[in-house]
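J.: One letter stands for each residue in the lines below.
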Amino acid sequence: MRHFIKEIKSSEKSGYLMSMPYVVYFCIFVAFPLAFSFFLIFHKWNIVTPMEWVGLRNFNRLFHDIQFIKSIRNTLVFLAIHIPLQISIALFFAMQLNKKIIFRGFFRALFFLPVIVSGVVITILWEQLYSYETGLLNLIITRFGFARIPWINSPEWAMPSIAIMATWKNVGLYIILFLVGLQGIPRYLYEAAEIDGAKPVQRFFYITIPALNNTMLLVIILSTIGGFSLFIEPFVMTGGGPMNSTLSAMLYIYNQAFYFGHMGYAATLGFFFAFIILVVILIQKKVVERE
Amino acid sequence: MQMENNHHNRNLRKIHISVIGLFCLLCVFQLCEKRQNGNQQKNSGIQITYWCSSNQDEIDLAQYLVDQWNMVNDSIKVKMQPIPASQSAEEVLLAAIAAGTTPDICSNMWPGAMDDFIASGGLVRLDQFPDFVDYISERVPKDLLETFRGPDGHFYQIPWKSNPIMVVYNKNIFRDAGVDFIPRTYSEYIEAGRKITRDLDGDGNFDVWLSHRDTKPIWWQRFFDYYTFYIAASGGQTLFDGSQMIFNNESSVRVFDFFQQIYKEGLFAKTTFVGDAFILGKLATQIAGPWHVSHVEKFRPPGFEYGIFPVPVPDDYKGQVYTFGDFKNISIFGTTKHPEATYAFAKYLVTAEADLKLLEFTLQIPIRDDLTENPLFEDFFKENPNMVYFAEQAPYTRGMDGVSDLKEIFDAISQEYEACAIFNRRDPAVAVENAAKRAKVIMEWNRSR
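Residue numbers (my numbering), protein chains in the order written: chain A, 1 to 291; chain B, 1 to 449.
Simulated from the structure, these hints should not be mistaken for laboratory data. By construction, the Cβ of each residue, glycine as well, lies at the ideal position given by its N, Cα and C atoms. One or more hints might be untrue.
To be verified - Among chain A residues calculated to face chain B with C-beta under 10 Å, some are: (1) His43; (2) Asn46; (3) Leu139.
As the list claims (entries may be wrong) - Listed below are the simulated DSS-like cross-link pairs for lysine-lysine, each with C-alpha atoms no more than 25 Å apart in a straight line: (4) Lys347/B to Lys357/B; (5) Lys79/B to Lys440/B; (6) Lys440/B to Lys70/A; (7) Lys347/B to Lys337/B; (8) Lys99/A to Lys199/A; (9) Lys357/B to Lys171/B; (10) Lys79/B to Lys347/B; (11) Lys437/B to Lys70/A; (12) Lys407/B to Lys70/A; (13) Lys216/B to Lys70/A; (14) Lys382/B to Lys357/B; (15) Lys216/B to Lys169/A; (16) Lys216/B to Lys357/B; (17) Lys440/B to Lys216/B; (18) Lys100/A to Lys199/A.
Full structure from sequences and hints, please.
T.: Written as structure tokens, this is what we have:
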């Protein structure tokens, strides 16, 4: 301890002073909320009335809460559609944009555009497109003589529809990531493979995919975390319906905290959900990562 | 090397002094601002802060009333502020109570959230003022006033205004569809809907619907379909009788059944419209309060004729039709340093003159039983004949039960309503039973120690 104090005394003080703004920020906006949330796990509190110690009762409720379990299942359904869709579309476009095509810069910017637009704006726009009776998509479909699709009006269609929209919004970012990865693959590998008679499909599976492993891992982890945070889309577009089919775990936690005032229970759900994300990421890392 | 180090140290010292100086300067500014605020308050006597609703009509009304008050009151000055923007006023008020930053008085108190506010000790008990009950009883019918009594037997809110929910209808659409009657019952409403909802241009898509309601399973959306129709079908019952939950009854089943039929036949659109579909002539009716009349008056195209009728009731219903009132009341917060002065201002907000301004500025209905008889309001109702329907409906309105689990109970009802009425996947009786079971579990959990 004495050694530690001595080390601090002899070190350059300005470093501490310079990092102070971030330390203050971290303490107020990260460390304190985290510690307070942990404290809340064992309490019942609705912000205005005094806190009440409940021990592990919030966990007991969590394991009996059918709606929370359903919200996790919905989130996993979203991930199961969204991640493969996103990776395949992003990789396809990244490969096209890696070729020498005209207006390459323009297209790269164009695909990235939805990423920087507010999620709320995009969701409202897609809500109009998906509209059952008056939406543009259904008007086109009915013009061709097909029946209307209840995009966000049917429990079976709603989550896939949200996954399609989320893919459209985020795919630009992953195109850029794949593009960076593709540009890092040495050309001579392709040339050597071509000389050896490898076909384009073989080159894709035996050179491109293995060489993109790090990027792929990054994309999977980022889209998993992003997918687990699914909130704006169901919050604005469906409110969690129809019949709870788009009730994501984040939306459910938000409702418990800010609609119903169960701060302690919401904190318990939050920590439990963070643990699930951690487990899923570790599994993905184990499965996808290669030396 | 030594010189370089000295130079470096001098620079660092300069940076240290600058940072500390900047911090001191900020502290001084903060202190000056506080002192200035304190001086201002000292110079002008008592100053109270008043939060009003954040919609423009109510801001204009509040500004007018505050200006009038400040003009004649030198000792008590009022500062008006709209409630800070948020999803709902209740969220802001809860956050303000938690942070101790509530204003002295607010006129946007939702009775459904009062239990939490009272339990937190955040409100001033109004019946501690000796003239409270007498003063308010002159304005508000006694039985209605009783519905606003807190769980501890005291009053914490002054009933201020209500928005009786009725059906506003497009006369042109009714006429074009050959509907020559005002639908009073479920059967009549559905019959009118079958004639009205149709494809006008032959493209296979409906162009006009009977009506539209937001189908999202958000708890407060049910105020304007299930709850309004439940109050009407049950002759003015709410979800609770005291602390007893009573909505698991025949009236609820009939309402679920009625809406199931409406959605099954496609009479209500399930779409999301761009713009106001009622004004655009796509909807024949709109379930709404008097605020909608003000909106229609502002934006209706030439030749657009509209009328108002009470909420439809079951075919065998007899008696006066009740509806949901969407009350908003006035409360004084416990953080006030001037309860007497704030109470004086609260009384001013519910004078007959202030009520007339409430009508004129916002087209919302003050809670007073002489509304259609007091000569002061006569000219207003002559100029706004459609508002007479709402004024006459006002005594037959019901609000929310002051139950702290209300939002969750509405959430439970909302989910069953969605499954039964909108998606036709559950029998009405089963759906109501499920909602009641879930509500019971919610209450047990929330009350368990």
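J.: Does the structure keep Lys79/B and Lys347/B at a Cα separation of 25 Å or less?
T.: holds (16 Å)
J.: Within 25 Å, alpha carbon to alpha carbon, are Lys216/B and Lys357/B?
T.: violated (35 Å)
J.: Just to be careful, I want the Cα atoms of Lys79/B and Lys440/B compared with a cutoff of 25 Å; is the pair within it?
T.: Violated, at about 44 Å.
J.: Mind checking the alpha carbons of Lys347/B and Lys337/B for me, to see if they're no more than 25 Å apart?
T.: Judged against 25 Å, a Cα distance of about 18 Å means the pair holds.
J.: Lys357/B and Lys171/B: Cα distance at most 25 Å?
T.: violated (30 Å)
J.: Quick one, are Lys407/B and Lys70/A close enough, alpha carbons at most 25 Å?
T.: holds (20 Å)
J.: Quickly compare the C-alpha distance for Lys440/B and Lys216/B to 25 Å and report which way the hint goes.
T.: holds (23 Å)
J.: Starting from Lys440/B, check that the Cα of Lys70/A is at most 25 Å away, please.
T.: holds (20 Å)
J.: Quick one, are Lys216/B and Lys70/A close enough, alpha carbons at most 25 Å?
T.: Between Lys216/B and Lys70/A the Cα gap is close to 18 Å, so the pair holds against 25 Å.
J.: Is the Cα-Cα distance between Lys216/B and Lys169/A 25 Å or less?
T.: holds (23 Å)
J.: Take a quick look at whether Lys100/A and Lys199/A sit within 25 Å of each other, Cα to Cα.
T.: holds (20 Å)
J.: Holds or violated: Lys437/B and Lys70/A, Cα atoms, limit 25 Å.
T.: holds (19 Å)
The structure is inconsistent with the numbered hints 1, 5, 9, 16, although it conforms to all the rest.
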